[in-house]
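Undergrad: Listed below are the residues making up each chain.
2 protein chains.
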Amino acid sequence: MAKPRVGFIGVGTMGSRMSRCLLRAGFSLTVHDRNARKAAELKEAGAQIAVSPREVAAASDVVISMLPDTPDVEQVVRGADGLREGLRRGMTYVDMSTISPTASKALAAELHGLGIEMLDAPVTGQPVNAADGTLGIMVGGKREVFERCREIFQAMGKRIIHVGPNGAGHTMKLINNLIGATVLQVICEGLALAVKAGLDPQQVSEVTSAGGAKTGMMESRGPTIFARSFENVGFALRLMDKDLRLVAELARDLQVPLPIASVAREMYRSAMTAGYGNLDVAALVKVVEAMAHVEIRSKA
Amino acid sequence: MAKPRVGFIGVGTMGSRMSRCLLRAGFSLTVHDRNARKAAELKEAGAQIAVSPREVAAASDVVISMLPDTPDVEQVVRGADGLREGLRRGMTYVDMSTISPTASKALAAELHGLGIEMLDAPVTGQPVNAADGTLGIMVGGKREVFERCREIFQAMGKRIIHVGPNGAGHTMKLINNLIGATVLQVICEGLALAVKAGLDPQQVSEVTSAGGAKTGMMESRGPTIFARSFENVGFALRLMDKDLRLVAELARDLQVPLPIASVAREMYRSAMTAGYGNLDVAALVKVVEAMAHVEIRSKA
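Protein chains in written order, with numbering that gives the first Met the number 0: chain A, 0 to 299; chain B, 0 to 299.
One or more hints might be untrue.
Since the list can't tell identical chains apart, any single copy or any two copies may satisfy a pair.
[As the list claims (entries may be wrong)] Once the Cα atoms are required to be at most 25 Å apart in a straight line, the calculated SDA-like pairs of lysine to any residue come out as:
hint, residue 1, residue 2
1, 104, 251
2, 42, 133
3, 37, 248
4, 141, 39
5, 104, 34
6, 157, 219
7, 37, 58
8, 2, 274
9, 104, 60
10, 141, 57
11, 104, 22
12, 141, 274
13, 157, 218
14, 141, 35
15, 195, 265
16, 195, 262
17, 298, 222
18, 104, 115
19, 157, 261
For the record, the hints were derived by calculation from the structure and aren't laboratory data.
Take these sequences, add in the hints, and give me the full structure.
TA: Right, here's the structure in full:
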């Protein structure tokens, strides 16, 4: 069976790396970004460049988007020269952004009415995982559509898992980020207490890594905090803040109280107010440090 | 150099396993427990049995205690027929319980006045780690005293780390448990939201294990929650509740606000009120489930 022609909309930090994985895997690829310069960078890697989402759709069998937030995805689908104008009956649209599950379900229903299948397939992992094709991918939508797209996902990810109907992928991603975001706040509190008690935060990292207090957040953000390298952005704080807004909406709709995740969200809001949105998510620690009048630096 | 004779006070779930490790490593061991039956169980493994802490001290060069809470340790040291009556100048006392750093420092100062060195050396890990000698051990006290006891620690643990002066071991352990306890609450909130959204909690565990939302708590307590096996006690909820009380005292003394750890503590308090103290710490989930009117069970 011939490989499907793939379209990719949104080639930022993650999307550009994912696009290169698809090219390496031998997919014919057409890309678009509202920032034309970003799209152009992929030309020498072998991608065709399209001037609009509509044009991407016209040149592809499966179209992927990787965008910051819900309105961006809605604009790409419904806007002028959008996907809706280019997608044809029988095509598949895969949104790999992290957006509102409710909005995504509405888009899927709308496209289904036009004979177009949609999957939501957000990812976990850092830019380095996007680069080497080892992202986690959680997919919502019909299982048979998921199976048809498996080869595409395998070019970009390692842990690829079908989690339910349309919207389930985004829901899973939001729960993943609820946990990650709140765990980061816990770590900041623990480190602030440790430093004020005279302990070496690096030793806290070492000790906790051994047992039940082990966290991926300490592994990935401990070094960022100790080195104060918040400008080295793996995941922008503003994107986590956005995800926590989506979590809050979901929790309200489903009537699930979130005693500590909701307080953690307020800490991210405080970080946004302080202007840390474009720093790495680890900059959350600055809010905790300000509250406790302490700075978390390694003794080494 | 001849191996020091070791005394062990408190041979409960953890202490009995740690004692057996010391016997296996060839240490001559004298044990005591206020529950005489527990001490007797170690006789056939080769330990001598003593009727009091004083008698343990009389038969040993280094005395270890592994007890539930601060008052238990204070009673063992200062009570009638206590360690203070049996310890001799030049001996070392190693408290491996998790207790108040402040109380521990006071004990260390008191014993130091009698020519006896003290270490606080609490542990991380499950009963299985106590059984196979792979505990994490974080040690507070003089470095040269730590070095003298290294051989003893190596019989019980794998990651052995000197973290500072007297009290620093307990402080480190409390910070470890602050993180672990609060992370467990985050996980419960995430799972409650996931189940109400129609996702399989087992898949949440799978997805989060791949990236930044990875936690040791999901690894160790996810299975307990999914199987509802709260009677299988790895770490009793009441002990975590006790540790969070000690964390709150420390944070108050050091003036460190704990926005989410303090809310998590209230959840453990609620679990204690509900009578879950003797269940595994994973029973915290029942409080979250009651708040959200949902039960977290695997779909499989």
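Undergrad: Now tell me, hint by hint, if it's right for this structure.
TA: Against the structure, the hints:
1. 104 <-> 251: within (17 Å within a copy, 47 Å between copies)
2. 42 <-> 133: within (23 Å within a copy, 54 Å between copies)
3. 37 <-> 248: neither (32 Å within a copy, 53 Å between copies)
4. 141 <-> 39: For residue 141 and residue 39, neither the intra-copy (34 Å) nor the inter-copy (62 Å) Cα distance is at most 25 Å.
5. 104 <-> 34: neither (27 Å within a copy, 61 Å between copies)
6. 157 <-> 219: both (19 Å within a copy, 23 Å between copies)
7. 37 <-> 58: within (19 Å within a copy, 76 Å between copies)
8. 2 <-> 274: neither (45 Å within a copy, 59 Å between copies)
9. 104 <-> 60: Answer is within; shortest intra-copy Cα gap is 21 Å, inter-copy 70 Å.
10. 141 <-> 57: Classified as within; 23 Å inside a copy, 73 Å across copies.
11. 104 <-> 22: neither (29 Å within a copy, 62 Å between copies)
12. 141 <-> 274: Neither: 41 Å inside a copy, 44 Å across copies.
13. 157 <-> 218: both (20 Å within a copy, 20 Å between copies)
14. 141 <-> 35: Answer is neither: 33 Å inside a copy and 63 Å across each miss the 25 Å cutoff.
15. 195 <-> 265: both (23 Å within a copy, 23 Å between copies)
16. 195 <-> 262: both (22 Å within a copy, 21 Å between copies)
17. 298 <-> 222: within (13 Å within a copy, 38 Å between copies)
18. 104 <-> 115: Only inside one copy: residue 104 and residue 115 sit 13 Å apart there, 69 Å across copies, limit 25 Å.
19. 157 <-> 261: neither (31 Å within a copy, 38 Å between copies)
In terms of the numbered hints stated before, the structure departs from hints 3, 4, 5, 8, 11, 12, 14 and 19, listed from lowest to highest.
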